[in-house]
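Since the structure of chain X is already known, use the hints to place chain Z on it.
Okay, here's what each chain looks like letter by letter:
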Amino acid sequence: MTEDKILWVARYVEGDMDDAEVADFESRLADDAELQQNLSNYKDIHQSLKMKLSDNEELEHTLKGLNKQYFGEETKVVSFKPTIKWLGAVAAVLVIGLFIWAPWNNSLYNTYNDHSDMLVTERGATEAGDLVNAAALYNAKNYAAAKAMLQKLYAKQKTNAMIGYYYGLSLLKTNEVEQSREVLTPIYDGESVFKYDAAYAIALGYLKENNKADCKAWLTKIPEGTTRYQQAQDLLGEL
Amino acid sequence: MAKPVHADQRYLIALINNDAGLINEIYQKCAGKVKSFVVFNNGTTNDAEDIFQEALVDIYNQAKFKDLQLTCPFEPFLLLVCKRKWLNALKKKSVLQVTNSEDDLLLIGEDTFEQAEQLEEQAAQADLFLRAFEKLGGRCKEIIKWSMQGDAQEKVAEALGVTYGYLRKKKSECMASLVKLIHLKDRNND
Chain X
1 MTEDKILWVA RYVEGDMDDA EVADFESRLA DDAELQQNLS NYKDIHQSLK MKLSDNEELE
61 HTLKGLNKQY FGEETKVVSF KPTIKWLGAV AAVLVIGLFI WAPWNNSLYN TYNDHSDMLV
121 TERGATEAGD LVNAAALYNA KNYAAAKAML QKLYAKQKTN AMIGYYYGLS LLKTNEVEQS
181 REVLTPIYDG ESVFKYDAAY AIALGYLKEN NKADCKAWLT KIPEGTTRYQ QAQDLLGEL
Chain Z
1 MAKPVHADQR YLIALINNDA GLINEIYQKC AGKVKSFVVF NNGTTNDAED IFQEALVDIY
61 NQAKFKDLQL TCPFEPFLLL VCKRKWLNAL KKKSVLQVTN SEDDLLLIGE DTFEQAEQLE
121 EQAAQADLFL RAFEKLGGRC KEIIKWSMQG DAQEKVAEAL GVTYGYLRKK KSECMASLVK
181 LIHLKDRNND
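Protein chains in written order, with full-length UniProt numbering: chain X, 1 to 239; chain Z, 1 to 190.
For the record, the hints were derived by calculation from the structure and aren't laboratory data. Careful: at least some of the hints might be erroneous.
Unchecked claim - Here are the computed distance ranges between Cβ atoms for each label pair:
no., chain 1, residue 1, chain 2, residue 2, range
1, X, E26, Z, R139, 40 to 50 Å
2, Z, N17, X, A23, 31 to 41 Å
3, Z, P73, X, D18, 46 to 56 Å
4, Z, D19, X, D214, 34 to 44 Å
5, X, V22, Z, Q125, 21 to 31 Å
6, Z, L87, X, E182, 57 to 67 Å
7, Z, D67, X, T111, 57 to 67 Å
To be verified - Some, not all, of what chain Z presents toward chain X, calculated at C-beta under 7 Å:
no., residue
8, N42
9, R131
10, F133
11, V179
As the list claims (entries may be wrong) - Result set (BS3-like, lysine-lysine): computed pairs, CA atoms no more than 30 Å apart in a straight line:
no., chain 1, residue 1, chain 2, residue 2
12, X, K68, Z, K33
13, X, K68, Z, K141
14, Z, K29, X, K43
15, X, K43, Z, K180
16, Z, K91, Z, K155
17, X, K43, Z, K33
18, X, K212, Z, K33
19, Z, K91, X, K50
20, X, K141, Z, K93
We put the beta carbon where it would ideally sit given N, CA and C, even for glycine.
Pulled out of the complex, with its shape left as it was, chain X reads as follows (with noise of 0.2 Å):
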């Protein structure tokens, strides 16, 4: 009978009733502590089973990834000579990719780089203490977070030169450069005393991706007797 019950229990479970046999069944499980007892033993055991033979594969991804970042520094020793043979294809890969990547570019870029501090002068408005904040994490050279604080700032007052200006050098130090050029255009096609500032960090950001056609000719851009014509001619002479 007790054999009988683990395969009635079963076939409730998967479903493999019809619905007089589930109205049966379930009548009988009111008042059948065996059967109640069969039940919950059948969805433990069930269950269990399901935590060993089901996948977890993106988990396991998950925490590949972090073990690695927090249990990574002891390198896991392997023999070397399997290791060496690969030794050749690594080098090659590494010297294509030196120059494609050309970080004697980047530090051409940090050579040139504007280190300059956001100056924000007092204003009585309420925004004051948000570009106060602003300033401050961007002189901390905390770029994404002034970045999300200026975005806020720039969506309200597209117009002005200084958010903008500043919002656009936080793009371009957080490698959004695309999106910087479009926030620094317009800033160098107005009037402001950003103007040229911006012609620069838009040379800058195309030295940035390695375009040095247009890094020129945004350089080329900037007059003499402006306060970065200087620099831009420096780095020309680089280029």
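Leaving out everything else, chain Z in the frame of chain X:
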């Protein structure tokens, strides 16, 4: 009976949903501690990594399939699970010397012990069930395994080239055989 579920249940939900941000937080808080404990007790960083991942997968399994409700904070729970796992591994390797860590264990609530113990028992039980499953016939194993992948059962039937009705019938028969196998084992153990 019903203890309130701890707010840290969110970490279990993060594991179920593969929420990398919160899982990263778990690593941030606990990975270093587990590493120190294992390395301090005759283990390597790799051992610690394995233990940590195993513990998280166990917790994930219990949360997903057995509706584990955390009634204690997550961090001491995970640390305790990892410690127990490592102590068991050492026992198996019969390395006896283990630095006694009762001092910090005293700070752990009763709930945490209870839940860690349950987790261990459940995981051990699942291993036992898996061994019984391995004894089933090939077709039964195939049917049970496929039907437990989480896909719609209609699709499973299609993949196996059988009708949905046949799949249900066969699965209940196979599962019944498995339950009987497990019962038989229990009786033999008594």
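Worksheet item: Should the hint that Z/R131 touches chain X count as held when the rule is a Cβ pair under 7 Å?
Response: Because about 10 Å separates Z/R131 from the closest Cβ in chain X, which is outside the 7 Å limit, the hint is violated.
Worksheet item: CA of Z/K91 to CA of X/K50, is that 30 Å or under?
Response: holds (28 Å)
Item to complete: Determine whether the Cβ-Cβ distance between Z/D67 and X/T111 falls within the hinted range of 57 to 67 Å.
Response: holds (60 Å)
Worksheet item: Quick one, are Z/K91 and Z/K155 close enough, alpha carbons at most 30 Å?
Response: violated (45 Å)
Worksheet item: Given Z/F133 was flagged as interface, is its beta-carbon under 7 Å from a beta-carbon of chain X?
Response: holds (6 Å)
Fill in: Proposed proximity, Z/K180 with X/K43 (alpha carbon, max 30 Å)
holds (14 Å)
Worksheet item: Do X/E26 and Z/R139 keep their Cβ atoms within the hinted range of 40 to 50 Å?
Response: violated (30 Å)
Item to complete: Take a look at whether the Cβ-Cβ distance between Z/D19 and X/D214 falls inside 34 to 44 Å.
Response: holds (41 Å)
Worksheet item: If you draw a straight line from the CA of X/K43 to the CA of Z/K33, is it 30 Å or shorter?
Response: Violated: X/K43 and Z/K33 sit about 36 Å apart, past 30 Å.
Worksheet item: Z/L87 and X/E182, beta-carbon distance inside 57 to 67 Å?
Response: At 59 Å between Cβs, range holds.
Discussion item. Is 21 to 31 Å respected by the C-beta to C-beta distance linking X/V22 and Z/Q125?
Written reply: With a Cβ separation near 29 Å, X/V22 and Z/Q125 satisfy 21 to 31 Å, so the hint holds.
Worksheet item: Given the hinted pair X/K212 and Z/K33, is their alpha-carbon gap at most 30 Å?
Response: violated (50 Å)
The earlier numbered hints that this structure contradicts are 1, 8, 9, 13, 14, 16, 17, 18, 20.
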